[in-house]
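Q: Each of the two chains sits in its own frame; use the hints to bring them together as a complex.
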Amino acid sequence: MAQTGIPKLDEYLNGGIPKGKSLIYFNHPGVEGDVFGMQTLHHNLAKGVTCVYVTSSSNPETMKDQFSEFGWDIHQFDDKLIIIDAYSPLIGDLSNENYVVSDPESIDSMTEMMNRAMKEVPKGSIIMVGSLSTIMDLCGEENTLNAVKMWNKMALVRDHAIIYNFTAWPYEENTLNSMKDNIFNCVISVGGIAERVIFGQYFGVLKADWSEIEARSMLFRVLRPGGIKIYIPKILVTGPFNAGKSSLIHSLSTRAVSVDRLGTTIALDHGHIDHQGFSADIFGTPGQERFDPIIKMISGEAMGIFLVVDSTLPKDFVRAKQMLDITKGYGLPYIIVANKQDLPGALSVDEIRRHFNIPEDVPIIPTIATSKEGIFEAFEVLVEKITGGN
Amino acid sequence: MESYSLGIEKLDENINGIRTGSNIMIIGPPMSGKETIVNNIVYNGLNEGEAAVIVTTREPGESVVDWFSYNNLEIPIEHLGIVDCVTKTLGVPTSDTATIRRASSPVDLTGIGVKISQFLEDFWMKQNIQKTRLCINSLSTILMYSNIQTVFRFLHVFTGRVKASGALGIYVVEDGMHDEQAIATLKQLFDGVIEIRQESDIHYIRTTGMSQKPSDWYEYTIEGAKIVLKG
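Note that the protein sequences, when read in sequence, are chains A and B.
Letter by letter, the first sequence follows residues 0 to 389 in numbering that gives the first Met the number 0.
Letter by letter, the second sequence follows residues 0 to 230 in numbering that gives the first Met the number 0.
Hints may contain errors.
Unchecked claim - Some chain A residues judged to face chain B by a derived CB distance under 10 Å, without partners named:
#1 L89
#2 E111
#3 N114
#4 S132
It should be emphasised that the hints constitute simulated quantities derived from the structure, not laboratory data.
Here a beta-carbon is modelled for each residue, glycine too, at the ideal position from N, C-alpha and C.
If we strip away everything but chain B, and leave its shape as in the complex, we get (with noise of 0.2 Å):
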């Protein structure tokens, strides 16, 4: 059966593949690296051959690519789609490119929809590429601006479309921004959940949903671009 993997192999070693149409929340304290993960993750995605679009709410669009480069990643760039949600709130003109489209702000569901949809649509019907991962980083900066019924409403109609078209849903919270209720609202509309928890300067990670029982918390440190599991 078509799964998908996350690229990082303890934990791909315990879900043993995730399901086509998973939709999964990332959650973990500030300064924790889960922007690295994400990237590590689609990188991964686009390694296989997959698509991904990536809606962007904390930096401009050109930013997620230039990681990508800085990195030493290279990317087929063709296969990325990037919904960036900032650079129209700063008040500098720019105007859309092949791999970045631009929403007019955070608060515009409607925009941000729009593009998703159409970047799914071209990498399904022009690109004939029928695996892509749809990653939100971060649903905390759209709830900063948004309440909570309208960003599950939001949400209720694109893990929809991610179930319907086989996708991969990635959605990042920053874990304390928001009231536990938030929380709890929120994962009703999710498969599975990669953790991460912080105690004394060292980070853990593990996965819930993703297979029969949550994985065992490791111990991990960024180094550069990549993920390091110990244990």
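Okay, chain A solo, but in the shape it has when bound (with noise of 0.2 Å):
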């Protein structure tokens, strides 16, 4: 068993990736993935495994001086690791290392060094193609593919751990599809959390075909040094005076405190959820005008936003979109949460979507804070806006 050594990751793998299985980083363009690649090449040869490196972007030398960005020295671990130059002879360099790709534009000189390589290193060893993506482009998406699978085929023999880097540019749908689907024995998703500009990344197992495995998704950060760790985001709930936002939060939580005198939240709310592999930090802020400020404060890290409102109260709806515009700014993700349902004259989502005038692809959900009722479902509402779905 061959570890990712991605926090979290490996748990969800059962431990890791096992001996002859094909995993892939499937990132998502403009964030981050190749770290993950990395970070697995990195804590396999600290653990003294025989590596073997693709380069397709970058020479030999630099592609190792990248590693220091995260603090991670492999210059010392020469003879674990293996490199398989496919870039030098591609721009007319000379190479230095044992295993050069002749012509790169051609994917039977690169099967050619792969089955080479796999056949020499001993068995157990973890081989890494550093950009799947430089591969399709120069030799083409079919071409590379049924390469690729031959390629885990020759792992699976010599009970290697093949990994993939792989940049999801818009190629063809069938192509996309496929490796998400057919190819790998793991898919990784790596992927962006976009309104205007990318402003967060998760990851998530879309497949691993050795574990049972539900869905899950994580948020990460990116530190230099020190790699990808676990990033838990802050998700906000707002909302007028009395909508029910601590309910709520309370509701929600694992754990949960809040400050309050007569039964009035005066500065924040603050819980933590874990639910269905997804886990947050949720804020609440007083619904009064003169704790304003605290929103903005607040939405300015906040990836997400609950907006509760009563549903039998529409002279506040005013107050809400108000609140809603402090935050709007930031470009967040939101829904609106419809709550007291269970209270005569709730107006319906159809009646509280028309007041509002908003877009209708803001999700309205009808919700009983103090009984739970909705909230779970409005949590996963928000958390699939905030991941795209993907």
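A: Here's what the structure looks like:
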């Protein structure tokens, strides 16, 4: 079993990658997915495992230097790190490596070196393809996928774990789908939370055929030095006075604290939720206008927003919109929680949408926070909005 | 409505504001001062309180910064981000700075993409600047290392990001280096073109696609760091 060295991920994979299995880091453009492969490589070199690295978009020395950004000195493992150089010939440079792909634009030339290296290194090594997308760009989508199937077989025969870094540029849909579904034993999706710009990154296990896993996703940050660290996001709960924000937080949370006086929140509610593999810290702000600066302060660091309204009080919706506007400048995903649905005179979702005059794609979820009705659904919908459902 | 200007007076008058989220190609022959034109467009934005990201494929990041100081153009350096695709290919040991982040080579589109995204995020989320100019100088170098489909896919993603974030994208292309089909393919991604042509040592410039009619051709000269349009 080879570990990935990524926090939480080995746990999700029941310990790591079994011998002979293939794994792909399926990275959305613009997110730091490459670091996953690098961290896995460094982790295994440090444990004394022989690793083969295929470099396609930088020369071997530059590739090694990139690790130092994260505080990882891989030069010390030179005897355990075997490079397949598929870059130098591309730009007409000489290479000092033992394994050089003579023509990186020919998939047969790639396969020849892959096979030779996989045969010659000890069984149970780690094979890392630094940029499968670059290979695909040079050799074509179909050719590359056919070759990858062969490489995976070869790895299986030799007990190697084979790992790919891949940037999911807009290739043919068939190509991307078959990569997600059929070709690899395990697919880890690495994506970005984007509204106007990418402001958060997450990874999730899409598939791992050796273990029963539920879909999970985790937000992460890349530290220099340090590499990938799990990051617990903040979710903001806002809404008019007495809409039920504290009830929502307390009902959602495994643990929660409120600072209140005479039953109304005067500073902050704080809770923590762990639901379906997604954890978040939840912050609630008081509804009164004098506390508006707090909303502003927290929304700068939040990942998503619950706007809670009392479904029986349309006169408060103006205030609710105003509170939403305070946070909107940050371009965060939000949903509306239509609370107190059990009370007489509660408006329906459609009626509330009409009052708010908001786009159809903003979800409105009916809830009764005090009896936990609808609240986990609301959380799931917001998480889906945050991660784009990937 | 929010919009961008080039900072080149006669052209700006004709365009009357470039829509936010626009992607524009600058195409012209070698030695026609495209570098100066791009740097002017960047300088104009920085002057108006915007941010800028320059992807440099031909000279190291430091040289790009030096151009501004050499020409006595003061810029708020914290609003400028440079993605340097050159230095690491030279084999000199370097590290990133606050202004300059380095991709491993012009082939490393993944790395270039990550670094562009990081700057866009920093400017938007940390510095709260909502207008950014993204300049790729030049696409031609990137096309020397990767084929047209590859570059198209890369640009498809980033012209989309420019649109989503309301930025302004500027992409430099060397005229005469690529076949017409390649240029036509790329043009699909752009909202407008700044064209440069040369006739017996005289350079002319015009814009197309950014206003109802193409602008007139203006004769211009480069004087120091300035572009001077005649007529």
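Q: Are the hints correct? Go through all of them and say.
A: Right, here's what the structure says about each hint:
no., hint, verdict
1, L89, "7 Å, holds"
2, E111, "21 Å, violated"
3, N114, "24 Å, violated"
4, S132, "7 Å, holds"
When each numbered hint is compared with the structure, violations occur for hints 2, 3.
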